[in-house]
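Visitor: Sequence:
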Amino acid sequence: EYQRAVTSIVRINEVLDEPLPESLREDFGIAAPGPGSLSGAITFQNVGFSYGTTPVVEDFSLHVPAGTTVALVGRVGSGKTTIGRLIPGLIQPTEGRLLIDGVPIESIPVDTLREQIGYVPQETFLFTDTVGENIALGGARSVDADLEWAIDPACLHDDLATMKHGMDTIVGERGVTLSGGQKQRTA
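Just so we're aligned, residue 263 is where the sequence shown starts under this note's numbering, counting upward by one.
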């Protein structure tokens, strides 16, 4: 498991570190936002996405103002997860445009985009480590304020209060000591 995890994290880091070609930003003639500058308004304009020749999302339009919450509900295979994967740029639309704060996602530097978006997949994976180390994955744990910042929107405060060792609680293999909701919030 350790070797698979190391291989996976190496690949994840390669994807996260991949710079967006400057030519894409220039094509839109828009100055890319800098770190910490996104407010979070998301607009899908006639977005489509296909896995191979199978369309999953077709002509999807939606505007989500910054600071609001939206729930996507639908049958299995209706494209909910695909839409979620489009927002942090994990996949690119095959049709239409996706804008963040009115800026095409292609023109936003990947590091800027991913610094400000948290994405928890349906199948979470936690390392056999402490709650704190799992929360800090991908970021520096040198500042407790950073962890506190992550705990607040994840609604983990009440859960941590019930854990004997708080942030230093060992989650066990794949988070076996946590409930499903606690695993999702920790991830």
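Some hints could be false.
List of simulated lysine to any residue pairs, SDA-like, C-alpha gap at most 25 Å [as the list claims (entries may be wrong)]: (1) 426 / 374; (2) 342 / 444; (3) 342 / 328; (4) 426 / 379; (5) 426 / 414; (6) 342 / 363; (7) 342 / 330; (8) 342 / 315; (9) 445 / 315; (10) 342 / 390.
No lab work stands behind these hints: they were computed from the structure.
Visitor: Against this structure, judge whether each hint is valid.
Guide: Okay, the hints, checked on the actual structure:
Simply put, residue 426 and residue 374 have alpha-carbon atoms about 37 Å apart, too far for the 25 Å limit, and the pair is violated. For the proposed pair residue 342 and residue 444, the alpha carbon gap of about 22 Å is at most 25 Å, so the pair holds. Between residue 342 and residue 328, the direct Cα distance comes to roughly 20 Å. Compliance with the 25 Å bound is thereby established for this hinted pair. With a C-alpha separation of about 30 Å, the suggested pairing of residue 426 with residue 379 is violated against the 25 Å cut-off.
Proposed proximity of residue 426 and residue 414 is supported: the alpha carbons are some 19 Å apart, at most 25 Å. In summary, the hint linking residue 342 to residue 363 is supported, as the alpha carbons are separated by about 21 Å, within the 25 Å threshold. This hinted pair checks out: residue 342 and residue 330 have alpha carbons roughly 18 Å apart, not beyond 25 Å. With a C-alpha separation of about 18 Å, the suggested pairing of residue 342 with residue 315 holds against the 25 Å cut-off.
This hinted pair does not check out: residue 445 and residue 315 have alpha carbons roughly 35 Å apart, beyond 25 Å. About 30 Å separates the Cα atoms of residue 342 and residue 390, which puts this hinted pair outside 25 Å; it is violated.
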